[in-house]
Amino acid sequence: MNKSFFTLLTLAVVLLTVSCKVEDDPTIDNPNVISQQTDTTLRSFYLKPSPSATFESIYSYNFTVVNCSFDIDLYWYDPVETHGVYLHFSNSVGDVLTDAAGFIKAFDSGVNIDSTLAGSWSGGTDGIFAFDYVSNPSADKGNLAGMGDKYVVFRAFSSAEPSLKYYGWMRVRVSENGRSVSVISIGYQKDANTGLRTGEL
1 MNKSFFTLLT LAVVLLTVSC KVEDDPTIDN PNVISQQTDT TLRSFYLKPS
51 PSATFESIYS YNFTVVNCSF DIDLYWYDPV ETHGVYLHFS NSVGDVLTDA
101 AGFIKAFDSG VNIDSTLAGS WSGGTDGIFA FDYVSNPSAD KGNLAGMGDK
151 YVVFRAFSSA EPSLKYYGWM RVRVSENGRS VSVISIGYQK DANTGLRTGE
201 L
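All residue numbers for the sequence shown refer to my numbering, where the first residue is 1 and numbers rise by one.
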C-alpha cells in the first residue's frame, strides 16, 4: 500500500511540475511587455502630395517608458531609384535591425530579441521596408515584400541615459509589389536592457 501511495504521489508531483512549466509560447501574457493590436493597412504608393514633396508620413506609433519617449514612423519617400517605404525614429533615439544593404530584417514568431541578435542596427539611417517594384521591377526585393506576416525588431534609447536600451517588435505584412504595408501589432519591453521574444504580449 505504501509503495502504491508513493508512486501516485510521485506521479502527481511530476504532473504538477509539467503543467506549471512556462512554455516557449510568445503569446503568454508578460506584464513587462506593452503591446497593441493595430491591423492597419497602409498605402505605401503615393502620388506626390505637392509638386515638390518627396516625403509623406503614413503611420506613427508613440513609444513611451519612464526614461524614453519617441515616435516610430513609417513614411513614403519618392526619389525614383529609392521610391518606397521606410522606418524612421524621431530624434534619432531608436533604430531597427537591418541586413548589410539596409533592408529591415524579417523574423518569425518566438525569436529572442536582445543585443546578440544577428544583423546590423540601422543607427541614424532609416531602415527600408520595400521599394516600389511596379515602377522599379529590378530593385532589390529586401526581406519583407511578399513574405506574409513577419516581425521586425527595433530598439529605443533613453535620451537621458543612452546606455538604456528598450527592445521591441512590430508585426507587419508587405505586399509583393511593395505598394502596401500592413502594421498588425507592436510590442516592446518596458524594462531597459531586457530581452523579449517576437510576438510576446
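The reader is advised that the hints may include incorrect statements.
[Stated by the list, open to error] Subject to a maximum C-alpha distance of 30 Å in a straight line, what follows is the list of computed DSS-like cross-link-like pairs (lysine-lysine):
| hint | residue 1 | residue 2 |
| --- | --- | --- |
| 1 | Lys105 | Lys165 |
| 2 | Lys150 | Lys190 |
| 3 | Lys105 | Lys141 |
| 4 | Lys190 | Lys105 |
| 5 | Lys190 | Lys165 |
[To be verified] What follows is a list of derived Cβ distance ranges for each label pair:
| hint | residue 1 | residue 2 | range |
| --- | --- | --- | --- |
| 6 | Glu161 | Val134 | 39 to 49 Å |
| 7 | Pro137 | Ser115 | 33 to 43 Å |
| 8 | Asn62 | Pro162 | 14 to 24 Å |
| 9 | Asn193 | Val134 | 24 to 34 Å |
| 10 | Ser159 | Val134 | 18 to 28 Å |
If you're looking for bench data, these hints aren't it; they were derived computationally from the structure.
For each residue, glycine too, the CB sits at the ideal point set by N, CA and C.
Hint check:
1. Lys105 to Lys165: 19 Å, holds
2. Lys150 to Lys190: 22 Å, holds
3. Lys105 to Lys141: Measuring from Cα to Cα gives roughly 12 Å; hence the hint holds.
4. Lys190 to Lys105: 22 Å, holds
5. Lys190 to Lys165: 10 Å, holds
6. Glu161 to Val134: 39 to 49 Å: 45 Å, holds
7. Pro137 to Ser115: 33 to 43 Å: 37 Å, holds
8. Asn62 to Pro162: 14 to 24 Å: Distance hint for asparagine 62, proline 162 holds at roughly 20 Å.
9. Asn193 to Val134: 24 to 34 Å: Taking Cβ atoms as reference, asparagine 193 and valine 134 lie about 42 Å apart, which means the hint is violated.
10. Ser159 to Val134: 18 to 28 Å: Violated - the Cβ-Cβ distance for serine 159 and valine 134, about 39 Å, lies outside 18 to 28 Å.
Hints 9, 10, counting from the list given before, are not met by this structure.
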